[in-house]
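Novice: Each residue of the sequence shown is one higher than the last, beginning at 1 in the working numbering.
Check before you lean on any hint, since a few could be wrong.
With a Cα cut of at most 27 Å, we get these calculated DSSO-like pairs of lysine-lysine [what the hints assert, rightly or not]: (1) Lys720 to Lys669; (2) Lys706 to Lys670; (3) Lys706 to Lys720; (4) Lys198 to Lys84; (5) Lys198 to Lys239; (6) Lys669 to Lys706; (7) Lys84 to Lys669; (8) Lys720 to Lys618; (9) Lys84 to Lys670; (10) Lys669 to Lys618; (11) Lys670 to Lys720.
No wet-lab data here; the hints were simulated from the structure.
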Amino acid sequence: MTTHDAPPTTAPGATTVREPAAGPGQPFVRRLWRGRPEDPRWARPALLVLLAATLLLYLYGLGASGYANSFYSAAVQAGSTSWKAFFFGSLDAGNAITVDKPPAALWPMALSVRLFGLNSWAILAPEVLMGVATVAVVYAAVRRRFSPVAGLVAGTVLALTPVAALMFRFNNPDALLALLMSAACYLVVRALEDGRTKWLVWAGTAVGFAFLAKTLQAFLILPALAVVYAVCAPVPLRKRFAQLAAATLALVVSGGWWVAVVELWPASSRPYIGGSQHNSFLELTFGYNGLGRLNGEETGSVGGGGGARGGGMWGETGWDRMFDSEIGGQISWLLPTALILLAAGLVATRGARRTSVTRASFLVWGGSLLTTMVVFSYMAGIFHQYYTVALAPYLAAVTGMGAGLLWERRREGWAAVTLAASLVAAAAWGYVLLHRTPDYLPWLRWLVLVGGLVAALGLVFVGRLTRRLALATAAVGLVAALAGPAAYTLSTVRQGHTGSIVTAGPAGASMMGGRGGGPGGPGGGRAWEGMPGQGQRNQQNQQGQQNQQGGPGGQGNGFPGGGFPGGTPGQNQQNGTPRNGTQPNGNGFPGAGRTREGGMGGVGGLLNGASVPAEARKLLEQDAGDYTWAAASIGSQNAASYQLATGEAVMAIGGFNGTDPSPTLAQFKKYVADGRIHYFIAGGGMGGGNGTASRISSWVQSTFTKVTVGSATFYDLTRKADD
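Let the hints inform the model, and build the full structure from the sequences given.
Specialist: Okay, here's the thing in structure tokens:
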């Protein structure tokens, strides 16, 4: 039985070609082009072509996304001008409040902006490079234990996963998280090969830095990694536990140094920790960004899920969540195939010895896939479709490993049948997903289904075919399996993506809150009603007009500054396109329309940036150097829009949702008395009817002079209303 406990020397079916080793004495270009001496000559050039193609694909039309998520772009802009803001991840250079995540994901972008200036490419190009690096890591992991062909399959699957193409071109923390998680899995497999402590310590370091990208999500795969190493490592049991302890220490140091600095830093001289209710990063980690995401009890959030099989604001939970109409088109194209191949890989290695690295590779990558998928499927708190990019590297690696192993053993009847079954699953599920968007390339679903079934039939008998015919059959099957996700990926890169909630694929590909077979299917749109074609836009327009009346300062619904977030007095978000490129949103909550790429437009200024008229920019820029903050606004997205438009610091009262108790009314009054804030921008985030943000808004509107510039309304905090 083949156990792959030593790396293979050639790809399955390839002709062995021996050349002089491209060792240290060889020119760098030759070593780069030739790669490993045991590889066939085409292997390294094929990898370089894959990486170059991924780079070009992800760079295509990158500038169309503008500032992408203006929440993070504002923090990047602040970090590019203030090292203190850089370190803490402050939303503004005045260091009033941080984003609701640790800052590691912001650091590469902020350094890029320092070098190249504030623009879309400087912000997003580092994310693209992380995507290419992740493809390279997945290839390297699969190629070491299987073959170059298997590595290329894994890398291609990852590059063409729609949600990966989305998030490796976007400025959320998920790109860095995916890269570091992939590196951690790779390093654990390296440690399993020879039992050397350094690989495990580096894996712990990678997870620690991933924690500084997206807190506890980085820990989802730790149980799988630790158990696999404890059981399968080729060293005595006592040493295994000592090595795991060393890796844990590396994790704590690499992820905890920043936390320790923040917690020990005097709160009076650092920014408020956004997303927390008591100015504590530990509270943020274990509350809003931790257990709250699992049980839906997120203090300060806009709402959670509905528990197991429940239907909350963030969609239904349950074992099939990754396949429903909300998530399926983002990640699940090859998920049934990967699960089949994972089971096949474990069956194929069931007789191997305890230290089999081949079996351990399936357990590391497959265990990471399963644990992350289960948590995502049942978490009742805030959940967005793009979170599933975390699954993409694991899914791609399992697919490449399983396909490579079964292809090597294709002359065994069970392996050929299983390989065919995995292709049938890919073709059938691809047909289902494409059928959910019936107006999008209607011919493609039939091509995927028929091509996949024909190739699967050939794979049943692949052990009896000639080498050329077998390779042709495999190529047809691979094209059929990847045609659907590739089409969605191309649709994704052809469009700009802005706002806080974005999705991959064509419009209608991701319907929040349902398990139906297509847009508007059973349950589709139960939580998010404002979808195209659902007749909600007129209702939103009417609601937006109603929201401008009543409430604090005459704004309505108890939300400071104007009804639902994003509205300013006398102005709906429908009046003009936000500067970052989103389409008009409407003020209905939560169904506030979509961004042009098919993502949720969201709750006006809560989930998307606001439109900033040229006159307003000119007003805020005037004498801005005399103030710590040119203006203050409720909610981070509204503040971020004005900050990015002017380049001046804008205070986000209440953080992202407007619900953080910072600054207090007393603190805000002192800032105003000290002459540190020039204007208050009407409108903004949610805040809450009786919260700190609402009290600040009421005090400002009753105390200071209103200034209307075009369609925007401000309050001049240097001029009392009775002056």
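Novice: Taking the hints in turn, state whether each one holds.
Specialist: Right, here's what the structure says about each hint:
1. Lys720 to Lys669: 13 Å, holds
2. Lys706 to Lys670: This hinted pair holds, its Cα atoms lying about 20 Å apart.
3. Lys706 to Lys720: 9 Å, holds
4. Lys198 to Lys84: 33 Å, violated
5. Lys198 to Lys239: 13 Å, holds
6. Lys669 to Lys706: Roughly 17 Å separates the two Cα atoms, so the pair holds.
7. Lys84 to Lys669: Distance of about 24 Å is within 27 Å: holds.
8. Lys720 to Lys618: 22 Å, holds
9. Lys84 to Lys670: 22 Å, holds
10. Lys669 to Lys618: Holds: Lys669 and Lys618 sit about 25 Å apart, inside 27 Å.
11. Lys670 to Lys720: 15 Å, holds
Violated hint for the displayed structure: number 4, the only one.
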